[in-house]
Amino acid sequence: MTESTSMQVVKQYVLDHFLAGEDPSKLTATTPLITGGIIDSLGRLDLVLFLEKQFGFELESHEVDPTQFDTLAAIDALVQRKRARPGQGA
Amino acid sequence: MEFGWTADQIALRESVIGFARRSLKDDVVLRDKDGVFARELWDRCGEFGIQGLPFPEEFGGGGRDVLSAVHAMEALGYACGDSGLLFALAAQMWSVQMPIFRFGSEEQKRRYLPRLCAGEWIGAHGMTEPDSGSDAFGLRTRAERRGDEYVLNGTKTFVSEAPVADVFVVFATIDPSKGPLGITGFLVERSAPGLRVGRAIHKMGLRTSPMAELVLDDCRVPAAQRLGREGRGAQVFNDSMEWERACILASAVGAMERQLEATLAYARERRQFDRPIAEFQAVQHRLADMKVRLEAARLLLYRAAWAKQCDRDPGPAAATAKLAVSEAWVQSGLQAVQIRGGYGYTEEYEAERDLRDAVGSMLFSGTSDVQRNLIARSLGL
Chain D
1 MTESTSMQVV KQYVLDHFLA GEDPSKLTAT TPLITGGIID SLGRLDLVLF LEKQFGFELE
61 SHEVDPTQFD TLAAIDALVQ RKRARPGQGA
Chain C
1001 MEFGWTADQI ALRESVIGFA RRSLKDDVVL RDKDGVFARE LWDRCGEFGI QGLPFPEEFG
1061 GGGRDVLSAV HAMEALGYAC GDSGLLFALA AQMWSVQMPI FRFGSEEQKR RYLPRLCAGE
1121 WIGAHGMTEP DSGSDAFGLR TRAERRGDEY VLNGTKTFVS EAPVADVFVV FATIDPSKGP
1181 LGITGFLVER SAPGLRVGRA IHKMGLRTSP MAELVLDDCR VPAAQRLGRE GRGAQVFNDS
1241 MEWERACILA SAVGAMERQL EATLAYARER RQFDRPIAEF QAVQHRLADM KVRLEAARLL
1301 LYRAAWAKQC DRDPGPAAAT AKLAVSEAWV QSGLQAVQIR GGYGYTEEYE AERDLRDAVG
1361 SMLFSGTSDV QRNLIARSLG L
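If you're matching them up, the sequences are chains D and C in order.
To convert, note that position 4 of the first sequence is 4 in my numbering; the numbers rise steadily by one, no gaps.
Position in the second sequence (from 1) plus 1000 gives the number in my numbering.
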């Protein structure tokens, strides 16, 4: 699976902030981040703020539900939707 | 690397020292005993421009950069022994005025900042609850949106200046299942229906900064009083805590310098075994330790303020400064008492009050262990 540019950016953020020192190859597009215990509730807040700053959109409360945030693939899909429809909910 | 201050910054420090010695002198020993907040001194600080130091002139502030503001607060700690008053001033500046400035609407900034900068109003910050301290985002206070209002229900504790505050920054959750992303900030005025200042809380130190519980009982707050976006209160809180960690202990560094000078003078004057106790190496070493702690604390304080000013990864620097300065202040206080012996344990020499005041610094704005957690996190742990 080819990773989009945005997914690569998010992946690097997760590696730097939540998996420092770990083998990067273990983080795939489908690795469970929240249910797998990699990102806790505070980390989720940081990730949301990072996405908003990095990609220039605002995420609404219902968009940051853990189910939409559990994998890099899900996060990337959210990013793509937001970029395609700026100012609208996902 | 430049360690010097500009002529303007030096003049500000001298001006603050002169102001404090002239206008903030009163019987702090008695007020500390009775836990009395000095409203008159607060007003004088407002007139002088202390509360407004780092805020733009258009909002009633002094337009100073962060380092200059920290330098001025350090000078205040050096020249004024009422650490409770100085804590109250700094807490308002960094945890009430700063979040309003950074996250408030234009209308909120225009309504609150000029009043707070001038000392006309007093602001307080309510986050901690009886069951959520270091686990701040485990708060239970609820905010329910009803039309153009939010209705707040819950109890906040350890709210500094609650008995005298005119406006409160409070945090509540719109949905506990969202965790930190459900938390929302609000500006609640004292006159808001359903807001009540609860029981007074009596403390070991910083007694001239009054503390109480804050009860929100169907407290109705206009939606326009929301501080920042719905569900982003944790961001507002984290941001203001980072400012606090970086800057709130500036006055402690000044207090440590005052403490060192007073202790040195005492050691030179106090004679035992036919000579000043300053001639004993054991005493000299304690004074040397006080000096090293002071200088290290000062450098870390300036480093954190600089990082905030330049926005250069300030989080770890702020946590490091908060941890190091608070623990240095307590150790400095212990040495000051020890060198004075039994006299240090009495109210007369004021060393015991400085020590009691210092202990709180290891608890507020995140305990020392919370600072260690933040530092460890920055190391990728």
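Note that these hints are calculated values from the structure, not bench results.
Hints may contain errors.
As the list claims (entries may be wrong) - Once the Cα atoms are required to be at most 25 angstroms apart in a straight line, the calculated DSS-like pairs of lysine-lysine come out as: (1) C:K1203 - C:K1033; (2) D:K11 - D:K26; (3) D:K53 - C:K1178; (4) D:K11 - C:K1178; (5) C:K1025 - D:K53; (6) C:K1025 - C:K1203; (7) D:K53 - D:K11.
What the hints assert, rightly or not - Calculated Cβ distances over 10 angstroms to all of chain C for the following chain D residues: (8) S6; (9) Y13; (10) A29; (11) T30; (12) S41; (13) R44; (14) E58; (15) Q80.
Keep in mind the model is a prediction, meaning the values are calculated, not measured.
Ideal Cβ placement from N, Cα and C applies to all residues, glycine included.
Against the structure, test the hints numbered earlier, and report the numbers of the ones violated in rising order.
5, 12, 13 and 14
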